[in-house]
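Enquirer: What follows is the residue order along each chain.
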Amino acid sequence: MSASADKPELTAKDFRSDQQVKWCPGCGDHSVLVQVQKVLAALGARREQTVFVSGIGCSSRFPYYMATYGFHSIHGRAPAIATGVKCANPDLDVWVVTGDGDALSIGGNHILHTIRRNIGLKIILLNNRIYGLTKGQYSPTSEFGTRTKSSPMGSIDHPIHPVSIAIGSEITFVARTVDVDVQHVQYVLRRAAAHKGTAFVEIYQNCQVYNANAYGWATDRETKGDNVVYLEHGKPLIFGKDRDKGIRLNGDVPEIVNLNQVSPDDLIIHDEKAADPSMAFRLARMLHPEYPEPLGVFRAVEKPTYEELLMGQIEAERAKRGPGRLEKLFRSGDIWEVAETGAA
Amino acid sequence: MSASADKPELTAKDFRSDQQVKWCPGCGDHSVLVQVQKVLAALGARREQTVFVSGIGCSSRFPYYMATYGFHSIHGRAPAIATGVKCANPDLDVWVVTGDGDALSIGGNHILHTIRRNIGLKIILLNNRIYGLTKGQYSPTSEFGTRTKSSPMGSIDHPIHPVSIAIGSEITFVARTVDVDVQHVQYVLRRAAAHKGTAFVEIYQNCQVYNANAYGWATDRETKGDNVVYLEHGKPLIFGKDRDKGIRLNGDVPEIVNLNQVSPDDLIIHDEKAADPSMAFRLARMLHPEYPEPLGVFRAVEKPTYEELLMGQIEAERAKRGPGRLEKLFRSGDIWEVAETGAA
Amino acid sequence: MGTATTNKHQAGQKPAKHIEERLQAAVRFAGDSGDGMQLVGGQFTATSAVFGNDVATFPDYPAEIRAPIGTLAGVSGFQINFASRHIYTPGDRVDVLVAMNPAALKANIRDVVEGGIVIVNSDEFDAGNLQRAQYSTNPLETDELSRYQVYKVPITQQTLAAVKETGLGPRDAGRCKNFYALGLLYWLFDRPLDPTLSWVNGKFARVPAVANANKLALEAGYAFGETAEMFAVRYQIRPAELQPGTYRNLTGNQATAIGLVTAAQLAGKPLFYGSYPITPASEILHDLSSYKNFDVRVFQAEDEIAAMAAVVGAAYAGAIATTGTSGPGMALKQEALGLGVMTELPMVIVNVQRGGPSTGLPTKTEQADLWQAVLGRNGECPVPVLAAQSPADCFWSAIEAVRVAVKYMTPVILLSDGYLANGSEPWRVPDPDRLPKIEVRHPTDPATFQPYARDEHGARPWALPGTPGLEHRVGGLEKADITGDVCYVPENHHRMTELRAQKVANVLRDIPDQEVYGDPSGELLVVSWGGTFGAVRTAIEQAREAGRSVAHVHMRWLNPMPRNLGEILSRFRRVLVCELNMGQLQLLLRGRYLVDALGLHKVQGRPFMVSDILSRIDELMGGRAS
Amino acid sequence: MGTATTNKHQAGQKPAKHIEERLQAAVRFAGDSGDGMQLVGGQFTATSAVFGNDVATFPDYPAEIRAPIGTLAGVSGFQINFASRHIYTPGDRVDVLVAMNPAALKANIRDVVEGGIVIVNSDEFDAGNLQRAQYSTNPLETDELSRYQVYKVPITQQTLAAVKETGLGPRDAGRCKNFYALGLLYWLFDRPLDPTLSWVNGKFARVPAVANANKLALEAGYAFGETAEMFAVRYQIRPAELQPGTYRNLTGNQATAIGLVTAAQLAGKPLFYGSYPITPASEILHDLSSYKNFDVRVFQAEDEIAAMAAVVGAAYAGAIATTGTSGPGMALKQEALGLGVMTELPMVIVNVQRGGPSTGLPTKTEQADLWQAVLGRNGECPVPVLAAQSPADCFWSAIEAVRVAVKYMTPVILLSDGYLANGSEPWRVPDPDRLPKIEVRHPTDPATFQPYARDEHGARPWALPGTPGLEHRVGGLEKADITGDVCYVPENHHRMTELRAQKVANVLRDIPDQEVYGDPSGELLVVSWGGTFGAVRTAIEQAREAGRSVAHVHMRWLNPMPRNLGEILSRFRRVLVCELNMGQLQLLLRGRYLVDALGLHKVQGRPFMVSDILSRIDELMGGRAS
Ligand SMILES: Cc1ncc(C[n+]2csc(CCOP(=O)(O)OP(=O)(O)O)c2C)c(N)n1
Ligand SMILES: Cc1ncc(C[n+]2csc(CCOP(=O)(O)OP(=O)(O)O)c2C)c(N)n1
Ligand code: SF4
Ligand code: SF4
Ligand SMILES: [Mg+2]
Ligand SMILES: [Mg+2]
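Here the protein sequences line up with chains A, B, L and W, keeping their order.
Heads up: the first sequence at position 26 corresponds to 26 in my numbering, and the numbers run straight through without jumps.
Heads up: the second sequence at position 231 corresponds to 1231 in my numbering, and the numbers run straight through without jumps.
Heads up: the third sequence at position 282 corresponds to 2282 in my numbering, and the numbers run straight through without jumps.
Heads up: the fourth sequence at position 197 corresponds to 3197 in my numbering, and the numbers run straight through without jumps.
Among these hints, one or two may not hold up.
[Said to hold, decoys possible] Chain A is nowhere near these chain B residues, computed Cβ spacing over 12 Å in every case: (1) Ser1017; (2) Ala1067; (3) Ile1156; (4) Ser1164; (5) Val1209; (6) Lys1224; (7) Asp1252; (8) Pro1264; (9) Pro1277.
[To be verified] Computed footprint of chain A on chain L; a stretch qualifies when at least three of its residues, placed anywhere within it, have a C-beta under 8 Å from a C-beta of chain A: (10) 2053-2066; (11) 2266-2279; (12) 2287-2295; (13) 2300-2308.
Note that these hints are calculated values from the structure, not bench results.
Note that the Cβ used here is the ideal one computed from N, Cα and C, for glycine as well.
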C-alpha cells in the first residue's frame, strides 16, 4: 500500500467515483464497495497509486465506482491484465475484483497461475454462486442440483470451493468473509492490503435477483453464530451464539465439541502462518451445514513475490553487466567489417 | 472398461499401432506406452471401445502409437475434447494423455473443471517438469530457479503440484507413479481404469534431452528406497531401503520416525477412501527432499459421474414426458390457426 | 400506422369515437424493468396473432440487470408491429407509445411518429420520477409533446381502485397496472380480451387473487377507453392474408434451439450442445436445457474454448455437435474450430452477433462478425457460413447448417444477431414428417476404410469410435491424403489445402441459385444478408411501389456464394450493400466479383430502419420516391 | 552456382586442380540431428561473411526433437548461399551438398542442381543406415546419382585417424567429423581457416582436447582436398560490393528481439514481453530473456491469452508492451487484442506465421495469417498490420511497429514467418545514436485531461496510473467520445467506430509511398509481401535481365495500404500477387482497388523458389525468358 505522508488524507468518499452505482437493490456488492472505500481511506491509500482491474460480470463493474484508476476488462482475464500492470509498474497497488464465474469458470487458469506466481495482486472474489450479469445460470460454485435457466432439472456439476482451489494453487494469503459482515469485511481487506504477494479474498455475496439468500445461514442474526467460526491466529476455534462450542481434531478429523465438556486448550489452535498448508486446507473443507464455516484469514505466509524476483533479476543483471547499451547489444555475436572497397 | 467375453483376447502387442515411435532414446514416455498397452491387454480392453485423446507436446504424441481410436488434438484442450467424446458416447473408454505444460499451463482450467465434474476420463499426466516439444522452456512444475532457454537466470515462477491441484479441484481418484517403476505404473493404471469418474494419474517422466534425471532420486536403485513411500490402503506408511522408517503425525505435521523406536501402529494408516480429502492433501504436501514422496493411490472415492447424471436426466425426462416428439415440440407455447380464408 | 394518415390532435378538441381502419400499426409498451412490459407486450402479440394479423416484435431490455427504479437505465420496452398485410419488421417508428413513467417517456418519445398517440401514466409524473428521468420540467405541462396526441391516464390510481375488491396489498395491487394499460390498448385497437383472460387464468391458477386482480385491471383499462370520452378514434386492423396453417410466435433464439433439435431428430442422433452463457445467445442454451427428452445433451462449459473443444470431441464420437455464442466467444472458439476443419468433422457453430469490438455493446445488435466467420482463423481454414434472415428463419437455417455439416463433413457457421435473437414473428409450424431426413453414413467395413478417402461430395468418412476394425488417429497436424497419417510432405500439404477448399466450394451444389426480387436487371441492386432482410425488403417494396427500378438480393449463404451471384451483380448499373457493419460483405463482393459495390453502413447497435435504406436509395437514384 | 556453368563430371576422369571463379554458390550441409550440421553451417556462414561475401542462410530442422538416428525424420540441414553480388535468398537449389549419411543424401538430393557436387561420408553407407534411410540398394553403387559429381569420402575413418593423437575416445573423436567436412568445403571454396580456428579455441577453451581435435579434423579435411587428387576444380567467390560498415549475421527472430529492445530504448521505457512458447516464435522469448539489463521484463505466461492480456495491462501501466506467437496462438489472442483496440493502448503483436490450419505444419513456413491479422476479430476492430521482408528487416519492422503503436495509441501486428525467423542474413549494424527517438507523451494536467480526447493523429492520451488527478476508468464496453465513459448511445457507437477506423487510416501519414522496382508501368506488376521478398525480387531481377518488362511492388504495410498503391496497380496491364497462401492479399487488393489481380499460391511449408515465380511469369507473358 503506497501511502505518502505529505499528501492530504482522503476519506472514504474521496474514493467514490462520479458514476451512478447500478447494482440491484439488495445486491451484496454495494456493501463490499463501501467497505473497500473505507479501508482504502483508513490505510491512507492514494487514488493515483491504486488500480482496480476487473473482468466481466455484475461484480466486475466495481472499478467504475472507484475514484482510482480502473480497468473493466474482458471475461476471466483480469488477473492476467493486472499481472501486466504490476510488471510494468510494481509500485502500483493493484486490486482485482472478480466473480465466481469470471474467476473460476473462464478465468480459472489465470487465477491458478497468478496465485502460484505470488504476484502482488489483491484479489476480491465476489462469490454469489451464480452468473448474475447473464441473468442467472449456475456457476462453478453453485451447489449441486441448483435449478437455474440452464439447469432446469438441477445442475449436475459438482461445485468447487475457492479457498480449496487457492490453497491447492500454493496461495500465500487467503481469507473468507461475507458481504454484510461489514467489520469483518474491513478486517479481511486490511489484512489483504498489508500482504506482500497474492492475497485472495473470497466474499460470500448475495445476489438478490438470481440466488437470493444463498448465505442466509451465515448472515442471519439468529443462525450465524452457530454456522460460522471466526479464525484468529493463535486462538482456538470457538463458535456458537453463546461461544460455547469449539472444534477439535479427532484423529485427523475436525469435530464439534461442547466447551462445557472440552477445554479450549484441546481445540484446534489456528495458525495462519503454518509453513505447511494442509491444516488450512482442512479448515477450508469444513462446510455448512456439517460444520460451522470458517471466516477470516486461513493462511498468511511470506514468499518472494513475482515482481520482486522479476525486478531483482533485472537489477542483478545491471549490477553485473551494467545497464544495457545498444551499441554493445548490436555488436555482440560474430561481427565483421566491410570497408569502403568492399572486402574485409 | 468395456470388455467383452466373446471376442478373442488381445495381447499388449495388439495395442501397438503401425506408427514408428518417435520419442528420444531414454525418454520416459516409452516405458509408459508399453505399460499402458500391457494393462489394456490384461484388462481385456477392446481396441474399438478405447479412445486416446491428447493435446500437444512430446507426451501428446501418445495416441499415434496406440492401435485404438485416437485424437491428437490442440494444446491444452484434450480434457474438453474428451468430455465431448464421453458425452456423445458414454460407453467408450476414454483416456487423456497430457504433459505438464499441456495439462497445467494452457490447459489448467479444463483439467480443473473436468475433475470437478467427475466425468469418466482416465487422465495420464506425463510430468517431466519441462516443455519438451518446444525444446526446453520451464513449465508450471519446474522447480523454482530452473535455468532454461526462457529462464537463463533461473525461473521465478513457484511450481504447482499436480496432486495438490487435483485434490483442490475435488478429484475422486488421484495417484502418482514414476515412469521406470513398471510394475507400479501398471498397478496405478489398472486402478485408474477401474475407477468410475475422473481418474488422475501423475507419472514422473524423464525428459532425457531437456531435463535429464529430474527424478533420479525416485528411480535410482540406491536412493529410491529412502526417497519414496508407497501408499497402500489400510497400511501404515513405511519406507526405507530396509523398510525401517515410517511416517507418523506429530500434532498435525507428518514426521519421519525410525521403526526401531516407533510401532507401525502409530504411523499414518493410509485411507484412500476417506470422505474428507484433507489427509490426502497432506500426503501430497510431502515433498522430496524433506520427505519421502508418496507414490500410489492418494484418493479413490465414489461420487456420481457426469455422464451418469447427464444421461440420468435424459432418461428421467423421457420417463416423465415420453421420448421427444417434434410434433409436440413445435406446438408447445401459444399457437393459433390460420384458416384458408385468412382469419382465425 | 400503415399508409393511412394520422389526425393532428388539438388539446381540448371534443373526441369522437368512430372506428378507423388501418393496414398496420406499431405499438410500444415502455416502463420500468419491474413494470411487466415484456409480459403485456407478449400478450398483445399473441392476441393480435390469434386475431389473424401478421406480427413482428422486438423487445428492448435495459443493459443493467436491475437499474435503479425510475431511471433511464432501467427502462424496458416491447414493440409490436401488426398488420393486415405481410410485414417483415417491428416497424421503424411507433404509432402508439404507452409510457408508464417519465423515464419511459423520455427514452422512447423520439421513436413516435409525428401525430402519434402517447398514453402516459400521469400518476408517476411526480418530482422524484421526473428527476430520475432527468427532466428539469414536467413534459406534460410544457409544449414539449405538442407534436403528439398525448393522453394522460392516472393508471396507478385507477388500477388500485379497480382491484380493491380482491383485498391485495397496495404493492401487489399496483403490479396490475400493466394489465390496465393492456386493456386500454385492446380497446383502442378493438381486440378481444379472451385470449389474455384465459392466459391469466392458467398462469395464476394457484394464486386466484392475483388472477382476479389482473383480470379486473384488464377489464378496467378496456372500460376506461370505452367510457372516458377521451379518445378521438379507435383503430381496426383486419386479419392478414396469411398462408393457412398452425402458427406460433418464435424469437430467433427459440427458433434456433428448436431447429437444432429438429435437425438431430432428422438425423436420428443425439444433439450435443456445448456452450458458455453469453448475451445474446444464452436463451439457446436455456431452451435446449429443457428439451432433454429429445436426447439433447447440454454441456455448460467452463468457457467458449472448452465448449468448442467438446463439440469437436462430440462430433468425433458421433453426435450432432453444436455450439452457440456471440462475438467475443466466437473469437475464442476459432483455434478449436480450426481443429474441426483439419479433422473434417461435422459441427455447427451459431454466432449470435452483437455490437463490438471487444465487449462493445453486448445487448445490442450488429453484423460485424462476417469477416471473423469467413476469414478469421489461422492458416487456410475455409468454413461454410450462412446467415438467418428472420427470427423464424433461424429454425430453417439451423437445419440447413446441420445438413451441410454432415453431408460435407465440415464445421458450418450460422450467423444470427441480437435483433433476430430477441425479435419474434409468427412461425408456420411445419409437419415434422414432411421434413426431409438428414442422411448420415458411418463406415463399418475395415477392408475399404481409409480415414481421409473422399466421397462424391469431397467428404471423408465419418467413422465412429466403437466400430471394430476402423481404429484410426486424427488430429491437428497436416494429414496425408487418403490415409490421414501425419504428413509433412510439401506437395501433400498443398493438395490437402486445395481439397479442403474444394469441399467447401462443393457446398454450392446444395445452395439454390440466388433469387432476385424485383427487376432482373436495371439501375440499382440492393444486396443484404442476415437479419436486415425485413427492413431492406420492406424498403425495396416501398421504393418499387413508388416507382423506383430497384431490385433486392438477400444472401443466405455467405461462403460459398451462390453460383449465379456474379452474373446477377453484373446486370445492374449500381450495387448497394446494406449491412450493420462498415462494409464487410461489400469487401468480399468487390474482391470476388470486381464489382464497384457501394455500401450503406450502420453500427449503432440498432437494426436498419426502412427509412435508412429508402434515403440511401433516394440519394443514389436522385430525387425522392413519391 | 551463379550464372557460371558447371562441368559434368565423369567417374574416373583425372581431376584437374584449377581455381574457377563464380559469382555465387549455395552449399548445404546435411546429416543426422546429432552430427552438428547447424554448427558448421554457422561457421561456413561466418567465414564467408568475414571474407566479404553477401550471404543468406536457411536451416532445416527435423520436426521431431530427437528422431531415431539415421532415419529420414532425423535429418538436419543448413544451407548457405554466398555471393560476390547482392543476394536475397538462400538459393533455390544447391550447388554443393555434403551428406553425412544415407538419410541425408536421400532427403536432400533432389535439391541439388544437375551436375552439382555431392560429397558423401562413404563410411556411413552400411546396410543398417541404408535401411533406415529406406534405400533398398546403395545409391553409391547404382547409377542413381549419375547426374551429379559424387565424391565418396571416408569422413569418419579419416576424422578418427586425424584426431587420434588427442587421445579422445571413439565417440568424442567421431563427433569431430563435421569439422572435417567443413575443412574440406573450406578448401573447395578457398576460404581461410582462421575464423573457425579462433572460434574453436574460444568455444572449447575449457576442454583443450576437444578444441584440438576439432582443429585437427578441420585441417585434415582441408588437407584432404588439397592432396587427394579427387576434385576437378576449386571455386572462388570474390567479396561482394557491400555497403561499408559493421555487419553481423542475424536470424529473423534474433532481429525481432533486438528490434523490440531497441524500440523500448528509443522510447526510454521498459520493454514488456509477455509470451507463451510456440514454434517458430520461441527464440524471441529466449533472446529477450537474456537482455534483462535493458530493463526487459519477460513474462512467460500460462497461455497466449494470458500473455496478450498481460500486454494490455502492461501497456495501460506504461511499458512498451509486446508479445510474440504463431498462428494458433494468434487465434487465441484475438479477443484480448480487441480489448487493446477498444482501450486504444499501444502494443505490438508479433505473429511468426507457420503452416496451418490448426496445428498444421508447425515447423514450416507459410503466409496464411494475413486475413486473421487484418480481419479476424469480433466487431469492427481495425489494427495496423505490417510484415517484415527479410531476417534483418525484422529489426527495422519491430521498431516501426512500436513507433506507430505509440504514436497512434493502437495495437500493431507485425507479421514474420518461419522462413524469416530461422533464416539469416548479414545485418549492417546501425549507429544507435542515429536512430530517431520514439516520442512518448503522457498527460499530467488534470484540468485539460479527457481520456478519449484525440490529438492530431487521432490518438487518445496515454495517461499513466500513478499520475495524480488523472484517475479514470477504461474497459471493453463502448466508450463515449471524449470522456471515455461507458456509453450505449447509438450515434456515439457509430462515431467511435469511425474514429477508430480513421485513426488506423491515419497511419498512412507515416507510411512512405509505395516504391516500384522496375518500369513504372507496363505489362506485368508482381506484388508480394513479407518473407517472400527475396525470392520475388530475385526473380524479377532475373526476368528483367532476360528482357522482360516486369515490375515489382513489395508491400510492407498491409493495413492501411500505401496511398499511391491503387494508382500504381492501375498502371499495369496485369497484376500478379505472389504469396505463400491461397490468395489472401489478392482478395484484399481486388476488393479494395477492383483490380483483376491474379495469384501465385504455394502452401507447401516452403518458401518460393525463384524458379516458381519465373515460371509463372513465363506462363503469363508467354514464351520463355532467355
Ligand atoms: C468471452 C465471454 N464469454 C461470456 C461472456 C458472458 N458473461 C458475462 S459475465 C458472465 C458470468 C458472470 O458471472 P460472475 O463472474 O459470477 O459475476 P456476477 O455477475 O455473478 O457478479 C458471463 C458468462 C462474456 N462477456 N465474454
Ligand atoms: C496454442 C498453442 N500454444 C503453444 C503451442 C506450443 N507448444 C506445443 S507443446 C508445448 C508444451 C509442451 O509441454 P508439455 O505439455 O509438458 O509436453 P512435453 O513435450 O514436455 O511432453 C507448447 C508450449 C501450441 N502448439 N499451441
Ligand atoms: S443480478 Fe445479482 S449480482 Fe447482479 S447486481 Fe443484481 S443482485 Fe447483484
Ligand atoms: S524432448 Fe524429452 S520429453 Fe520429448 S521425446 Fe525427447 S526425452 Fe521425451
Ligand atoms: Mg457470480
Ligand atoms: Mg513436459
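Enquirer: Hint numbers the structure violates, sorted upward?
Expert: Hint check: 3, 4, 7 and 9 fail, others pass.
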